[in-house]
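If you want the building blocks of each chain, they are given just below.
Protein chains: 4
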Amino acid sequence: MNFQPLLDEIDEEIRPLLGQGGTVASYIPALARVPAQQFGIALRTCQGGEASAGDAATPFSIQSISKLFTLTLAMRHLGDMLWERIGREPSGNPFNSLVQLESEHGKPRNPFINAGAIAVADRLLSDGDAKAELLALMASLCGEPIGFDAEVAASEAATGYRNYALANFMKSFGKLDNAVEAVLDLYFHQCALRMSCVQLARAAGFLCRDGRHPRGGEADITTERHTRRINALMLTCGTYDAAGDVAFSIGLPCKSGVGGGIVAVVPDQLTLCVWSPALDATGNSLLGRKALELFVAKTGLSVF
Amino acid sequence: MNFQPLLDEIDEEIRPLLGQGGTVASYIPALARVPAQQFGIALRTCQGGEASAGDAATPFSIQSISKLFTLTLAMRHLGDMLWERIGREPSGNPFNSLVQLESEHGKPRNPFINAGAIAVADRLLSDGDAKAELLALMASLCGEPIGFDAEVAASEAATGYRNYALANFMKSFGKLDNAVEAVLDLYFHQCALRMSCVQLARAAGFLCRDGRHPRGGEADITTERHTRRINALMLTCGTYDAAGDVAFSIGLPCKSGVGGGIVAVVPDQLTLCVWSPALDATGNSLLGRKALELFVAKTGLSVF
Amino acid sequence: MNFQPLLDEIDEEIRPLLGQGGTVASYIPALARVPAQQFGIALRTCQGGEASAGDAATPFSIQSISKLFTLTLAMRHLGDMLWERIGREPSGNPFNSLVQLESEHGKPRNPFINAGAIAVADRLLSDGDAKAELLALMASLCGEPIGFDAEVAASEAATGYRNYALANFMKSFGKLDNAVEAVLDLYFHQCALRMSCVQLARAAGFLCRDGRHPRGGEADITTERHTRRINALMLTCGTYDAAGDVAFSIGLPCKSGVGGGIVAVVPDQLTLCVWSPALDATGNSLLGRKALELFVAKTGLSVF
Amino acid sequence: MNFQPLLDEIDEEIRPLLGQGGTVASYIPALARVPAQQFGIALRTCQGGEASAGDAATPFSIQSISKLFTLTLAMRHLGDMLWERIGREPSGNPFNSLVQLESEHGKPRNPFINAGAIAVADRLLSDGDAKAELLALMASLCGEPIGFDAEVAASEAATGYRNYALANFMKSFGKLDNAVEAVLDLYFHQCALRMSCVQLARAAGFLCRDGRHPRGGEADITTERHTRRINALMLTCGTYDAAGDVAFSIGLPCKSGVGGGIVAVVPDQLTLCVWSPALDATGNSLLGRKALELFVAKTGLSVF
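These protein sequence lines are chains A, B, C and D, in that order.
For the first sequence, this note's numbering gives the first residue as 1, with consecutive numbering after it.
For the second sequence, this note's numbering gives the first residue as 1, with consecutive numbering after it.
For the third sequence, this note's numbering gives the first residue as 1, with consecutive numbering after it.
For the fourth sequence, this note's numbering gives the first residue as 1, with consecutive numbering after it.
Hints in this document: simulated from the structure, not taken from any laboratory.
Please read all numbers here as calculations on a predicted model, not as lab measurements.
Virtual Cβ for every residue (Gly too), placed ideally from N, Cα, C.
Watch out, some of these pointers could steer you wrong.
Distance windows between CB atoms, simulated [unchecked claim]:
(1) A:E181 - D:A132: 26 to 36 Å
(2) D:E13 - C:G19: 52 to 62 Å
(3) A:G19 - B:S26: 32 to 42 Å
(4) C:G19 - B:S26: 23 to 33 Å
(5) C:G21 - A:T23: 49 to 59 Å
(6) C:G21 - A:A179: 21 to 31 Å
(7) C:H105 - B:A150: 54 to 64 Å
(8) C:P35 - D:A136: 25 to 35 Å
(9) B:E218 - C:K131: 18 to 28 Å
(10) B:A154 - D:G300: 56 to 66 Å
(11) A:E181 - C:H77: 54 to 64 Å
(12) D:R215 - C:G21: 23 to 33 Å
(13) C:P29 - A:G19: 18 to 28 Å
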């Protein structure tokens, strides 16, 4: 199927809405100065077909979408031992809450809340040069080099007090093996990956292919079982405190980031990435969600 | 497709496991004395085909599975106004916790935790004879009369202190319109509906048919939009504090009850009900989950 | 010492402030219609000297001040066994919070928060006709009959949903031995005792006399040890979420009620009761606190 | 009055109990290796009389007792502005809990829980060389130089993850003005002050003298009003989660530390310091509490 006309149509419908609502993340200058009036959409099918529209080639800070890739690496390293340190259930609390962490003795509810992703980063660090491994994975998935935005990483490090609190809190429960500074250095860097919609649609490609590499002739990224787990986690926990609403209105496994990107998976069919910097009250891209709703409405591609 | 051989096969695989783990709910005598060593499975396709195996015709107390049907009725009455009183997000807390209710001023997180179902019951009561309406709905869906187990309802009323606490707590926030006793009388009765796997697979049939009645020639049960919402809520919130794991291991919208039943939906294909009284630590039927895992493994029918 | 001129002076200083702030409790009509512009003060020395000023003879609803007397009775019945069900530490949460109760499995933090007083009422009920026992105690302490305000008790029973929630919640943890309705009937009645400042200053007299009856020739009310415990609880937990500030600004063991009364104890010297219906944001009588501050400033009688 | 025989008597009664219970704080090596079987007691009257017994001259790590002195300095600098950042009420949660801090947006409940003391340290830092100021205060109060235990301070800095979490959490709410590292450097140093019972009884002397310097001829340490506030905070919040029990069993304003010291104040009469390293389950010195109970029982000096 040729998705290009569909994406053009969605771009056309979304573009007039740019600037009509939402707020660009402003907690660090490098994010705050991203112009709000941008929108991109890209997809890649299981067979390797691609389509894109709007600002789909513009790189942005992928932020929490990076949690998909570090989780994939950690599951590869540790298998089910990963779950000794991290839960797999929705949290019911804001993504950066400490309350749940206290009542569950430093074990984060799932790998997509900040505490969980920090715990994942800790596990990766124990197994070698995690930054290099992550960059290598991203380059392999995208077929081209991917880099960190050094300014974004430095800003997060300079002002990410809540994340320092989370990491030190887990450390106080003996739930981090590496030094807090090292763990957060990885975490802040993974969040600072710069990628475009086109690149993210490609990179997430293994999630609609039961874990096989997005391109043929390469080693599998992960197993079918792990892929299924990741997709399930995306659907139940991937969009902060809006997971229930996203499951209803979009009905696809999604992972969002405060940079305004959202990656979505149609199992066995395609992966999709939308991007628009202005966020709604739940911290998800306002027009990104709208675009995914249009996509699902127009294609009927939804898991429910 | 003829599912009968498949269900027979699953029954054969599950039956040897009966009695090897899990605990029958014991908080009221009428549930505690149900023999643990029972297992039933039944399904109904969108086209009306049916299959069943094991103790599929044995009636049991559907308990929280009833929340599916009262939610359907309340959405029919109130549309999106329902969500003024009830959230749609996973709770991250035990199904009968009061903590979340306090911090969110008496608004339950979703309609499948106890507080949420009690709030749904309150809304139904405001619109007429809710018990009669529920019985009429169940009879229409099943094509035969369905009744309450009076002993179970009376036991719940006599010992359901946590539910009285939840209801009075919501009432103290002005979030229940009807008298606590009346609301809980409905709630305890809906939980005391007695149905078999065969009946539940039929009754849930509208959930795989975009809301259309399980049988042709009858008025729609609800809209496609509402059906989608219910399925999404089942997947994210339908199995207490195991929703994340169920989404992974089964990958279908499910709603469980402490009577040991679980209803699952394969959108556009079929509905399924399994039953076995012994529960795992999360309050879900141990062998019911196992049977659903087998079903998904053997058919590949899963949303992920 | 003749305290009469001092109380007259305080009355004179407080009276111009009537009507300038605070809010009369309005959650039940019988409290809401009490005229705000009233102020009374009364004291009784260990030696039996009395003084009073303003509306000291006007009866009012003693509300939570009653917790002093039921606690005294329960300690008499049960000694230190009472503390198996009730803690003795400040709560750090609003007086009617359920959160703490959930995390501590139904054991209230102290006998002066609502849950704690309800637990005390339950223990009293197990030992006989608690209402009659309470009335007999009050009559003995005051030297005249004291009665319940039936309208207040009925209103509390009709609208006290939060208290029903607390009691059912404790019952669900197996922490109440008697029926919720019976326990709350006692609780709502004790809160509905009608007494004047003069009567309360007399009734609390045993608290400045190491537990001996306020009048000579009568049996002791409680032991020195229990008296000390009660005074310590008053200082640390007696004024809702203002205990820290009251300890500083007044420096005496105090127990307040939402009817606007506050009882204070100067150990080994005197007991004091002030009353003015308008409450501050912490639920304590605004001018009652002010009057106690004046008393302490003028006499230097404070424990610090 | 000559207190020497009394302290000798208490020492004689306590000494046989050494080694029979409690646990020395073990979270850092420098504390863990302190021999448990030590006990000291010292007092100083308002008039300057002193008495001591047992290991009263042995220096130990004063830990949280230091919060008395930094609070005194901060109140001197800021007066009531201090309370914009720090509450004055008991917390009802463990001394190092983050839950309360989250629900109250980074404002600690009182200056004696860790978060509160860290907030106090932040305020002191904003006004100059706080470490030097603290050392100067301690030297003036004791009449001799007092120093930090560098090993203890370094150990706390190396392992105090919970305190890093608390500080970063407050910083994330904008409730710390200075860098987390600088604030905690002060905090860890204040906790690492090494003093003996004799020195602490002297140093706290202003608390029984309405704020006047323990020795004549020196400038006042603080005002009567502030002294009263500090004493009230000690009584309601000074002994972690045992404040209610300490108020009952001892009935004096107390501040304890995990080094095993407890300072107590008898307003207008004397200050007292006891020390024994083994702690009870609430983190207070087991035999220190016992010794204070004996002191109160033998002298009748208690505020209730």
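Do the hints match the structure? See the list:
1. A:E181 - D:A132: 26 to 36 Å: 29 Å, holds
2. D:E13 - C:G19: 52 to 62 Å: Between E13 of chain D and G19 of chain C, where Cβ atoms are some 58 Å apart, the hint holds.
3. A:G19 - B:S26: 32 to 42 Å: 59 Å, violated
4. C:G19 - B:S26: 23 to 33 Å: Between G19 of chain C and S26 of chain B, where Cβ atoms are some 60 Å apart, the hint is violated.
5. C:G21 - A:T23: 49 to 59 Å: Since the Cβ atoms of G21 of chain C and T23 of chain A sit about 39 Å apart, the hinted range of 49 to 59 Å is violated.
6. C:G21 - A:A179: 21 to 31 Å: Because 54 Å falls outside the window, the suggested range is violated.
7. C:H105 - B:A150: 54 to 64 Å: 32 Å, violated
8. C:P35 - D:A136: 25 to 35 Å: Hint violated: Cβ distance 57 Å, outside 25 to 35 Å.
9. B:E218 - C:K131: 18 to 28 Å: Distance hint for E218 of chain B, K131 of chain C is violated at roughly 59 Å.
10. B:A154 - D:G300: 56 to 66 Å: With Cβ atoms ~60 Å apart, the hint holds.
11. A:E181 - C:H77: 54 to 64 Å: 59 Å, holds
12. D:R215 - C:G21: 23 to 33 Å: Since the Cβ atoms of R215 of chain D and G21 of chain C sit about 44 Å apart, the hinted range of 23 to 33 Å is violated.
13. C:P29 - A:G19: 18 to 28 Å: Since the Cβ atoms of P29 of chain C and G19 of chain A sit about 53 Å apart, the hinted range of 18 to 28 Å is violated.
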